[in-house]
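Protein chains in written order, with our numbering: chain A, 1 to 254; chain B, 1 to 309.
Heads up, some of the hints might be wrong.
[Said to hold, decoys possible] No more than 30 angstroms apart at the CA atoms, straight line, and that leaves these computed lysine-lysine pairs for DSS-like:
1) Lys-219/B x Lys-246/A
2) Lys-107/A x Lys-137/B
3) Lys-48/A x Lys-246/A
[As the list claims (entries may be wrong)] Derived coverage of chain A by chain B (criterion: at least 3 residues anywhere in the stretch with Cβ under 8 angstroms from a Cβ of chain B; other residues may be distant):
4) 46 to 59
5) 205 to 216
Hints were generated in silico from the structure; no laboratory data involved. From the three backbone atoms N, C-alpha and C, an ideal C-beta is built for every residue, glycine too.
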Amino acid sequence: MKVLVPVKRAIDYNVKVRVKSDESGVEQTNVKMSMNPFDEIAIEEATKLKEAGQVTEIVAVTIGPDKAQETIRTAMAIGADRGIHVQTDAPTDIGGVEPLAVAKTLKAIVEKENPDFIIMGKQSIDDDSNQTGQMLAALLGWAQGTFASELKIDGDKATVTREIDGGLETLELKMPAIITTDLRLNEPRYVKLPDIMKAKKKQLDTMTPDELGVDYTPRLEVVKVAEPAERVGGGKVADIDELIDKLKNEAKVI
Amino acid sequence: MSVLVIAEHDHNSIKPVTLNVVTAARKIDADVHVLIVGTDCSGAAEAASRIHGITKVLKCDAPELSHRLAENLAPIIVEAAANYSHIMAPASTFGKNVMPRAAALLDTQQISDIIAVHDADTFDRPVYAGNAVATVKSSDEKKLITVRGTAFDAVANDGGNSPIEDIASKGDAGLSSFVKQELSESDRPELTAAKIVVSGGRGVGSAENFALIEKLADKLGAAVGASRAAVDAGYVPNDYQVGQTGKVVAPDLYIAVGISGAIQHLAGMRGSKTIVAINKDEEAPIFGIADYGLVADLFDVVPELESKL
Ligand SMILES: Cc1cc2nc3c(=O)[nH]c(=O)nc-3n(C[C@H](O)[C@H](O)[C@H](O)COP(=O)(O)OP(=O)(O)OC[C@H]3O[C@@H](n4cnc5c(N)ncnc54)[C@H](O)[C@@H]3O)c2cc1C
Ligand SMILES: Nc1ncnc2c1ncn2[C@@H]1O[C@H](COP(=O)(O)O)[C@@H](O)[C@H]1O
Numbered sequence: 001m002k003v004l005v006p007v008k009r010a011i012d013y014n015v016k017v018r019v020k021s022d023e024s025g026v027e028q029t030n031v032k033m034s035m036n037p038f039d040e041i042a043i044e045e046a047t048k049l050k051e052a053g054q055v056t057e058i059v060a061v062t063i064g065p066d067k068a069q070e071t072i073r074t075a076m077a078i079g080a081d082r083g084i085h086v087q088t089d090a091p092t093d094i095g096g097v098e099p100l101a102v103a104k105t106l107k108a109i110v111e112k113e114n115p116d117f118i119i120m121g122k123q124s125i126d127d128d129s130n131q132t133g134q135m136l137a138a139l140l141g142w143a144q145g146t147f148a149s150e151l152k153i154d155g156d157k158a159t160v161t162r163e164i165d166g167g168l169e170t171l172e173l174k175m176p177a178i179i180t181t182d183l184r185l186n187e188p189r190y191v192k193l194p195d196i197m198k199a200k201k202k203q204l205d206t207m208t209p210d211e212l213g214v215d216y217t218p219r220l221e222v223v224k225v226a227e228p229a230e231r232v233g234g235g236k237v238a239d240i241d242e243l244i245d246k247l248k249n250e251a252k253v254i
Numbered sequence: 001m002s003v004l005v006i007a008e009h010d011h012n013s014i015k016p017v018t019l020n021v022v023t024a025a026r027k028i029d030a031d032v033h034v035l036i037v038g039t040d041c042s043g044a045a046e047a048a049s050r051i052h053g054i055t056k057v058l059k060c061d062a063p064e065l066s067h068r069l070a071e072n073l074a075p076i077i078v079e080a081a082a083n084y085s086h087i088m089a090p091a092s093t094f095g096k097n098v099m100p101r102a103a104a105l106l107d108t109q110q111i112s113d114i115i116a117v118h119d120a121d122t123f124d125r126p127v128y129a130g131n132a133v134a135t136v137k138s139s140d141e142k143k144l145i146t147v148r149g150t151a152f153d154a155v156a157n158d159g160g161n162s163p164i165e166d167i168a169s170k171g172d173a174g175l176s177s178f179v180k181q182e183l184s185e186s187d188r189p190e191l192t193a194a195k196i197v198v199s200g201g202r203g204v205g206s207a208e209n210f211a212l213i214e215k216l217a218d219k220l221g222a223a224v225g226a227s228r229a230a231v232d233a234g235y236v237p238n239d240y241q242v243g244q245t246g247k248v249v250a251p252d253l254y255i256a257v258g259i260s261g262a263i264q265h266l267a268g269m270r271g272s273k274t275i276v277a278i279n280k281d282e283e284a285p286i287f288g289i290a291d292y293g294l295v296a297d298l299f300d301v302v303p304e305l306e307s308k309l
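Whole structure, please, built from the sequences with the hints as guidance.
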C-alpha cells in the first residue's frame, strides 16, 4: 500500500514566538524552524507501518518556500521514500497557505499519486487551524479518522482510536481514508546521521500551484497580528497560610 | 441573513458550551437558529428551544446520526447552510472534526477558534499557541466558524420558546462506523466549564500520587486537569490535558501543581482569572504568569492546603 504524508515547516515548538512591532505578523528571521510535531508523528506512523510490511511506499508532500525542502529531507531521514515540494512564496505570517488551498493542492496530488491512504497532522502549531485533514477528506469524499491515538490497517478497513473531549472513541473507516495524528499515536524516532545522508539521495520533485491548478489567493485577510492580553504574574507567597488568605481575601476565589 | 449554531448535545440535553457559541452568534445577528443533529434527540431540541434569544430550532433526527460521524453530519450542515450567512460550532473535538468537512464542501475557508467578533466579517483568533492574536477578515460569502467557548459568556438556558422544525437527514454515507467509546466517568465538574481547576504535571510522579490532586480538587469542588507529560506518562486519561492541543480552560481559579509551564500548557490556561503555581523549582516558567506562586515540594504543601481549606 502507498501512503501520502503531508508535512509542514513551522517555527520550532520550543521558540517563544514574538509579534512584530508593526503588528504585521510574527518575527521569523533567525528563528529556528522544524517539522510540525504532529507531522513528525504522521511520518513515524507511516514508517512503522512500512517496517511492519503493511506499507510499500511513503510519499511526503510539503507546500511552502524553498526552505521547506529541508522538512521533506527530514521526513526522508525518518522513512519517506520520495518527496514532492509544491513551491510557493506565499507569506507565512500566520502559517502560510490557508488550509482550504492546502487541501485542494493535496487533492490534486492524490489524483496523480493514487495513494491508498493519507496520514497527516491534526494541527499546525503555527496557524493552529486543525482543518486541512478534514477538508481534504471532504474534497476526496473519503472517510476521516481525526485525532488518532491508535491506528490499525487491515486491508480495506482502518480502525482508529480517537482522542475526544470525553475520552476515547473507536471508529472503523472504509479505505481509502485520512487519518490525522494526535500526540499519543507514537513517539517519533531520533534521526541518525546515516539516515540524513541517505535522505539526500532520495527523489524530490518540485511542482507549482499553477501546474496543479490551485489558486493561493487568501480568503482571510490578516488585518493585524497583536500580542495577547498581557498577564502580570510573578507574585509569590511564603506558605500555605498566606496562599489561603490571599485566595480568600484578595482574589476572592474560594 | 441569520446565523446557525450547531449545538453540541447528548441527544437529551444541550452541552453548556453551546450557550457560549450562541453569545458569539448574537454579536453577529439577532436572528440565531440552533441545529440539533442526532438520534431520538427531541430532548435536546426542546432544551435548545428554551435557550434565551433563539428564534428557531432545526432538528435532524435519524438513526445514522447517533455517533455524530463527520461523514454523515457535514452534508446536513451544507444543505442547511443555504439559508444562513454564518454557521458556528464550538471549537471542541466535535466541532473541530465536523466543521472543516462542511467548510470544504462549501468552498469556504473556515475561521477556527475565534475569541472575539469585531463585525460580521472580522474576528480575532489566537495563533502560535496563543502567543499572538490574529485579526482576520473573511471574504467568503458564507462564514464557517468554530468558537472558543471560554472567550464568550453563556446565554441563559431558559426563557426562550422557539419553534422546532424538522429537517431531513442526508442518509448514511457508508464511509465510517462507530465501534466503541471509553468515556471517563466523573462526578466532578466538566473541565472547560468548571469555576476551579486543579491540574497536575509530571512533578506529581505517578498515577497513585495523582490522588493528592484529586482530593484537593474535591475539597474545592474543582475539575481535574493535567499537563501533556502527566497524560503521556499515564497518570490520567487523555481528556484531562490542558493546552494548545488539549482543552482550553479559563476558570476563576487555576492551580498548577508540579507543572513547569511550557508554552503549550500556558496556551490552555493563561485566560484563567487567578493562577496559583506550586513548584519546587523557583525558576519554573509557570511562576512568570502565576498570581500566587509557592516554591515548595508538592508532597508537603498539597496535603496541607487540602486539610486547611
Ligand atoms: C506539538 C506539541 C503539543 C503540545 N501540547 C501540549 C498541551 O496541549 N498541553 C501540555 O501541557 N503540554 C503540551 N505539550 C508538551 C509541553 O511542551 C511540555 O512538555 C509539557 O507541558 C510538560 O509537562 P510538565 O510541566 O508536567 O512536565 P515538566 O516540564 O517535566 O515539569 C515538571 C515540573 O514539576 C516540578 N516538580 C517536580 N517534582 C516536584 C515536587 N515534588 N514538588 C513540586 N514541583 C515538582 C519540576 O520542578 C518541573 O517544573 C506539547 C508539546 C508539543 C511538542
Ligand atoms: N503547507 C503545508 N504543507 C504540507 N502539509 C500541510 C501544510 N499545511 C498543513 N498541512 C498538513 O495539514 C495538517 C493540519 O494543518 P492545519 O489545518 O493548518 O492545522 C498539518 O499537520 C499538515 O499535515
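| Which numbered hints are broken by the structure, listed smallest first? | Numbers 3, 4, 5 - these are the hints that the structure violates, sorted from lowest upward.
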